[in-house]
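A.B. asks: Each chain, written out:
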Amino acid sequence: MSESASTAQALEVGKARYPEEKASLRSLLSPLLFMAPAIVLVVVFFFIPVVIVLVISLTDMSTATGFNNWKWVQFDNYLRIATHPNTLPVLRNTLMYVALTLALFNVGMALVIALLTTHIPRRSGFLFRALWLLPRLTPSVVYIMMWKYVAADAPYGILNQHLLGPLGIPPTNWLPAQPWIFVILTNGFIGASFGMVIFTSAIESIPRDYMVAALVDGCSLWQRIRYLILPLLRWPLLFVTTYQTLSLLTSFEQILLLTEGQFGTEVWSLWAYQRALSNYWGNFQWGFGAALAAVLVLIGVVMALVYMRYFQFNQLVQEPKIEAL
Amino acid sequence: MRIGRWRWVGIALMVLSLTVAACAAPTPAAPATGVGEAPAAPPEGPAEVELTVWVQGNEVEHWRLDGPILAAEQVTDYKLKVTGIRDDAGWADYKKKFTLAAEAGEAPDIVLSGHEDVPVWANAGYIVEFTECKARYPEFDDVIESLWDSTMWQGKIWAVPQDTEARPMFFNKTKLQELGWSEEEIAALPDRIRTGDFTLDDLIATAKEAVEKGVVEPGYGYWHRPRKGGDFLQYYFSYGGRLYDPEQDKLVVVRDALEKWYAFQRRVVEEGITPANFIGTEWSIWHDTVSHGKALFWNGGIWQWADWAANYVKDLGGQEYLFSFVGYALQPSGVKGQPGGTLSHPLVYMITSEKASGKKNQDAACALLAKTTTPEINTLHAVGSTHLGILKSQANFPEYANDRLLSETLYMLDYNYYQPNHVMYGPYFDIVWDFMVKAENGEMSPSDAARGAVELLQTELGDVVIVE
Numbered sequence: 043m044s045e046s047a048s049t050a051q052a053l054e055v056g057k058a059r060y061p062e063e064k065a066s067l068r069s070l071l072s073p074l075l076f077m078a079p080a081i082v083l084v085v086v087f088f089f090i091p092v093v094i095v096l097v098i099s100l101t102d103m104s105t106a107t108g109f110n111n112w113k114w115v116q117f118d119n120y121l122r123i124a125t126h127p128n129t130l131p132v133l134r135n136t137l138m139y140v141a142l143t144l145a146l147f148n149v150g151m152a153l154v155i156a157l158l159t160t161h162i163p164r165r166s167g168f169l170f171r172a173l174w175l176l177p178r179l180t181p182s183v184v185y186i187m188m189w190k191y192v193a194a195d196a197p198y199g200i201l202n203q204h205l206l207g208p209l210g211i212p213p214t215n216w217l218p219a220q221p222w223i224f225v226i227l228t229n230g231f232i233g234a235s236f237g238m239v240i241f242t243s244a245i246e247s248i249p250r251d252y253m254v255a256a257l258v259d260g261c262s263l264w265q266r267i268r269y270l271i272l273p274l275l276r277w278p279l280l281f282v283t284t285y286q287t288l289s290l291l292t293s294f295e296q297i298l299l300l301t302e303g304q305f306g307t308e309v310w311s312l313w314a315y316q317r318a319l320s321n322y323w324g325n326f327q328w329g330f331g332a333a334l335a336a337v338l339v340l341i342g343v344v345m346a347l348v349y350m351r352y353f354q355f356n357q358l359v360q361e362p363k364i365e366a367l
Numbered sequence: 034m035r036i037g038r039w040r041w042v043g044i045a046l047m048v049l050s051l052t053v054a055a056c057a058a059p060t061p062a063a064p065a066t067g068v069g070e071a072p073a074a075p076p077e078g079p080a081e082v083e084l085t086v087w088v089q090g091n092e093v094e095h096w097r098l099d100g101p102i103l104a105a106e107q108v109t110d111y112k113l114k115v116t117g118i119r120d121d122a123g124w125a126d127y128k129k130k131f132t133l134a135a136e137a138g139e140a141p142d143i144v145l146s147g148h149e150d151v152p153v154w155a156n157a158g159y160i161v162e163f164t165e166c167k168a169r170y171p172e173f174d175d176v177i178e179s180l181w182d183s184t185m186w187q188g189k190i191w192a193v194p195q196d197t198e199a200r201p202m203f204f205n206k207t208k209l210q211e212l213g214w215s216e217e218e219i220a221a222l223p224d225r226i227r228t229g230d231f232t233l234d235d236l237i238a239t240a241k242e243a244v245e246k247g248v249v250e251p252g253y254g255y256w257h258r259p260r261k262g263g264d265f266l267q268y269y270f271s272y273g274g275r276l277y278d279p280e281q282d283k284l285v286v287v288r289d290a291l292e293k294w295y296a297f298q299r300r301v302v303e304e305g306i307t308p309a310n311f312i313g314t315e316w317s318i319w320h321d322t323v324s325h326g327k328a329l330f331w332n333g334g335i336w337q338w339a340d341w342a343a344n345y346v347k348d349l350g351g352q353e354y355l356f357s358f359v360g361y362a363l364q365p366s367g368v369k370g371q372p373g374g375t376l377s378h379p380l381v382y383m384i385t386s387e388k389a390s391g392k393k394n395q396d397a398a399c400a401l402l403a404k405t406t407t408p409e410i411n412t413l414h415a416v417g418s419t420h421l422g423i424l425k426s427q428a429n430f431p432e433y434a435n436d437r438l439l440s441e442t443l444y445m446l447d448y449n450y451y452q453p454n455h456v457m458y459g460p461y462f463d464i465v466w467d468f469m470v471k472a473e474n475g476e477m478s479p480s481d482a483a484r485g486a487v488e489l490l491q492t493e494l495g496d497v498v499i500v501e
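Heads up: the sequence lines are chains R and P, in that order.
Numbered as in the working numbering, the first sequence ends at 367 without a single skipped number.
Numbered as in the working numbering, the second sequence ends at 501 without a single skipped number.
Hints are computed from structural coordinates only; laboratory data are not their basis.
Where hints are given, some of them may not hold.
[To be verified] The calculated lysine to aspartate or glutamate pairs, modelled on DMTMM-like cross-linking and capped at a C-alpha distance of 20 Å, are:
1) P:K246 with P:E303
2) P:K206 with P:E250
3) P:K129 with R:E295
4) R:K113 with P:E136
5) P:K130 with R:E62
6) P:K112 with P:E83
7) P:K206 with P:E441
8) P:K130 with P:E387
9) P:K388 with P:E139
10) P:K130 with R:E302
11) P:K129 with R:D259
12) P:K283 with P:D496
13) P:K129 with R:D102
14) P:K425 with P:E178
15) R:K113 with P:D496
16) P:K283 with R:E302
17) R:K113 with R:D102
18) P:K114 with P:D126
19) P:K241 with P:E304
20) P:K246 with P:D234
21) P:K393 with P:E165
22) P:K369 with P:D289
23) P:K425 with P:E441
[As the list claims (entries may be wrong)] DEER-style ranges, computed between Cβ atoms:
24) P:E280 with R:L121: 25 to 33 Å
25) P:G138 with R:A346: 33 to 41 Å
26) P:D321 with R:W222: 27 to 35 Å
27) P:A80 with R:M77: 36 to 44 Å
28) R:V85 with P:P171: 52 to 60 Å
29) R:A141 with P:R225: 53 to 61 Å
30) P:L133 with R:P73: 33 to 41 Å
31) P:L133 with R:F89: 21 to 29 Å
[What the hints assert, rightly or not] Facing chain R, a subset of chain P residues (Cβ under 7 Å, in silico):
32) K129
33) T132
34) D150
35) V153
36) G158
37) K261
38) D264
39) L266
40) P308
Virtual Cβ for every residue (Gly too), placed ideally from N, Cα, C.
Sequences are here, hints too, so could you generate the full structure?
C.D. replies: As structure tokens, this is what we get:
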């Protein structure tokens with residue numbers, strides 16, 4: 043075959059293939075375009091900041107060095123964390139804070155409120171849920187100030203004056219006396235409303251046929267909850283547990299306002315914040331703070347993977363079998 | 034159909050580009066007109082220079098900002114327009130705001146902060162050296178010489194003092210009378226503290242007696258500051274502690290003094306003269322209690338006097354009411370025969386660099402600070418906010434000299450000390466503070482807390498700190 047003939051043949055083949063490739067390109071482009079906003083958001087607001095934090099964590103950058111006089115210190119900041127006397131106590135505090143707030147309020151209390159308010163008259167349920175939204179609606183500073191006045195020493199505190207005083211319990215400033223109770227209550231009262239809304243909506247979207255069938259079969263309330271509602275809430279439970287775990291791991295706003303990390307309430311994210319951005323006499327340790335934040339990112343990613351495996355995430359996101367038939 | 038799809042693609046790209054454009058970094062502020070081109074010489078024309086000033090202060094400290102604004106009228110070298118922000122937030126937030134602004138090139142032309150920020154901000158290049166500015170205007174010759182020490186770093190001057198103060202041990206004269214003290218004994222107390230005849234042990238014993246005899250409620254014998262602050266270091270000094278070695282330019286921790294300081298903080302709780310779990314008490318509760326005479330001893334600062342008079346006891350007569358029962362002395366020593374002392378924390382005006390502010394207004398800022406550093410303007414702040422003056426001439430300046438509190442506490446500057454100008458002092462202070470809280474609350478024994486603090490100081494700061 044001559045060279046020109048083979049070229050012509052190749053062109054013919056190319057023409058024949060062209061619409062096919064174009065179609066496959068188009069089929070690739072469409073989902074990409076749909077995902078573009080999410081991809082941009084993740085890259086700009088998560089991926090790039092994480093890379094920047096990782097880079098800063100390998101430096102001695104601080105207010106004193108500015109952005110110009112810093113040095114690479116390799117893994118010195120991570121070694122400091124590994125040998126720091128505060129590392130274990132702060133880690134223990136963080137796990138306790140996340141586990142207790144999550145179990146007692148963000149998932150536990152949220153589930154209880156959702157179940158209770160969906161089993162009482164609709165209007166009353168709505169009212170109770172609206173009340174539980176109040177802590178989330180109140181500005182943090184005002185909300186925490188209210189708690190401080192609840193806990194304040196006599197003659198100011200509401201606890202001392204009206205609740206514990208009449209019982210003969212000697213007054214004190216309850217916040218430093220029992221700091222963890224207040225840390226978990228303040229966070230939990232805010233956090234519970236998130237799960238409450240998700241669980242309520244999930245419970246209310248369970249087809250009525252299932253409920254009716256359960257009633258016809260003679261299920262008690264507890265049996266309906268245990269064998270019908272909770273299995274159907276598996277996906278929202280995964281979502282709320284995962285989301286709230288990661289949220290609590292990185293949240294320190296209420297603790298900062300309440301105790302500033304004093305009285306043994308320092309958690310990892312607050313430690314990172316105080317080192318990187320809030321030193322009383324200045325000189326913020328950006329490098330060390332970034333290393334602390336990087337460790338937190340790692341913990342968060344590991345915990346998210348564990349949750350997804352534990353709740354069998356892949357199965358949950360499969361297409362519903364009923365629609366596949 | 035195909036056209037429709039590409040139209041969607043176009044719309045998506047347009048939205049994306051608009052989003053990216055909206056997220057883009059803001060354009061740096063345009064340089065101010067006037068001195069930018071020739072900073073060494075004032076401009077010939079009447080071009081107006083806009084200067085911005087950031088200060089930290091509450092309402093009674095408004096002259097920190099209003100002083101420079103008023104002084105602008107006195108400046109003849111430049112035609113100035115001064116604007117600024119008086120920030121009532123905490124120090125940490127204020128410093129964070131400035132630091133981030135400076136890194137973004139959007140800092141103000143002049144910033145007021147504590148003298149301990151000099152080494153940190155000078156090292157980072159946020160502020161410019163003040164030596165040349167000081168030599169340019171005679172107004173600066175009036176500043177009390179020792180105050181320039183607080184603005185020094187690496188042998189150079191970086192700022193000009195704006196105010197200073199004493200942190201007295203306040204005492205309730207009425208309660209002491211109820212305890213059986215004569216008027217002469219009460220009047221002699223400041224001098225006994227000054228000479229080391231009345232120590233911290235005596236303070237504890239007196240307060241304990243007052244509690245036992247019912248003169249004050251249990252836990253109201255001695256109230257220290259309720260929140261984090263340098264005031265607590267005064268008891269470290271009282272037991273012979275020191276913070277800094279200027280020869281080696283290193284921070285110092287004296288193990289013995291640290292333990293005694295922590296033991297003092299715990300003792301006041303165990304003896305029942307300070308409430309348990311006291312740290313963390315709301316400031317408003319603290320001010321209300323001490324200004325209404327419910328505590329026997331309390332340590333505070335003279336600047337709080339103006340706050341009490343204006344915001345807590347105004348209806349009872351303000352300053353007159355306070356003078357009727359409040360006495361003030363140095364902080365007692367922990368060692369018999371050693372003089373009492375007080376911590377001063379001068380606030381200083383600093384001129385920001387071109388890198389930090391994005392402007393070349395340093396000379397105009399210098400001219401403005403010269404006219405701000407006058408007895409007329411500084412006395413407005415000193416008297417209005419009960420801070421000590423910074424100028425030699427203020428001792429004879431009528432408005433200042435006639436102020437009873439300021440004139441009666443002026444001697445305390447002879448017994449004062451400062452915190453060090455060292456870049457790592459912030460992390461150092463955080464550590465000694467954290468362990469002090471653990472000791473006072475009984476989470477750790479004073480000796481364990483001191484051991485923990487020293488260990489952490491060595492871990493965190495390495496050879497920057499000397500352990501004695």
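A.B. asks: Evaluate the given range 53 to 61 Å for the C-beta pair formed by A141 of chain R and R225 of chain P.
C.D. replies: 56 Å, holds
A.B. asks: Can the restraint linking K206 of chain P and E250 of chain P be considered satisfied, given a maximum Cα separation of 20 Å?
C.D. replies: Holds, because 16 Å separates the two Cα atoms, which is no more than 20 Å.
A.B. asks: Taking 20 Å as the top limit, are the C-alpha atoms of K113 of chain R and D496 of chain P close enough?
C.D. replies: Answer holds: K113 of chain R to D496 of chain P is near 18 Å, not above 20 Å.
A.B. asks: K130 of chain P and E302 of chain R were given as a pair; does the straight-line alpha-carbon distance stay at or below 20 Å?
C.D. replies: 19 Å, holds
A.B. asks: Have a go at the T132 of chain P hint: is there a Cβ in chain R nearer than 7 Å to its own Cβ?
C.D. replies: 5 Å, holds
A.B. asks: E280 of chain P and L121 of chain R, beta-carbon distance inside 25 to 33 Å?
C.D. replies: Holds, since E280 of chain P and L121 of chain R (Cβ atoms, about 31 Å apart) stay within the stated range.
A.B. asks: Taken at face value, is the distance from the CA of E139 of chain P to the CA of K388 of chain P at most 20 Å?
C.D. replies: 9 Å, holds
A.B. asks: Less than 7 Å between beta-carbons is the criterion; does G158 of chain P satisfy it with respect to chain R?
C.D. replies: Because about 6 Å separates G158 of chain P from the closest Cβ in chain R, which is inside the 7 Å limit, the hint holds.
A.B. asks: Are the Cα atoms of K113 of chain R and E136 of chain P separated by 20 Å or less?
C.D. replies: Between K113 of chain R and E136 of chain P the Cα gap is close to 17 Å, so the pair holds against 20 Å.
A.B. asks: Do the alpha carbons of K283 of chain P and D496 of chain P lie within 20 Å of each other, as the hint requires?
C.D. replies: With a Cα-Cα distance of about 8 Å, the restraint between K283 of chain P and D496 of chain P holds, given a limit of 20 Å.
A.B. asks: Does the nearest C-beta of chain R fall within a distance shorter than 7 Å of the C-beta of V153 of chain P?
C.D. replies: 5 Å, holds
A.B. asks: Does the closest beta carbon of chain R sit nearer than 7 Å to the beta carbon of D150 of chain P?
C.D. replies: Check passed: Cβ of D150 of chain P comes within 5 Å of chain R, closer than 7 Å.
When held up to the earlier numbered hints, the structure conflicts with 5, 11, 16, 18, 27, 38 and 39 and fits the remainder.
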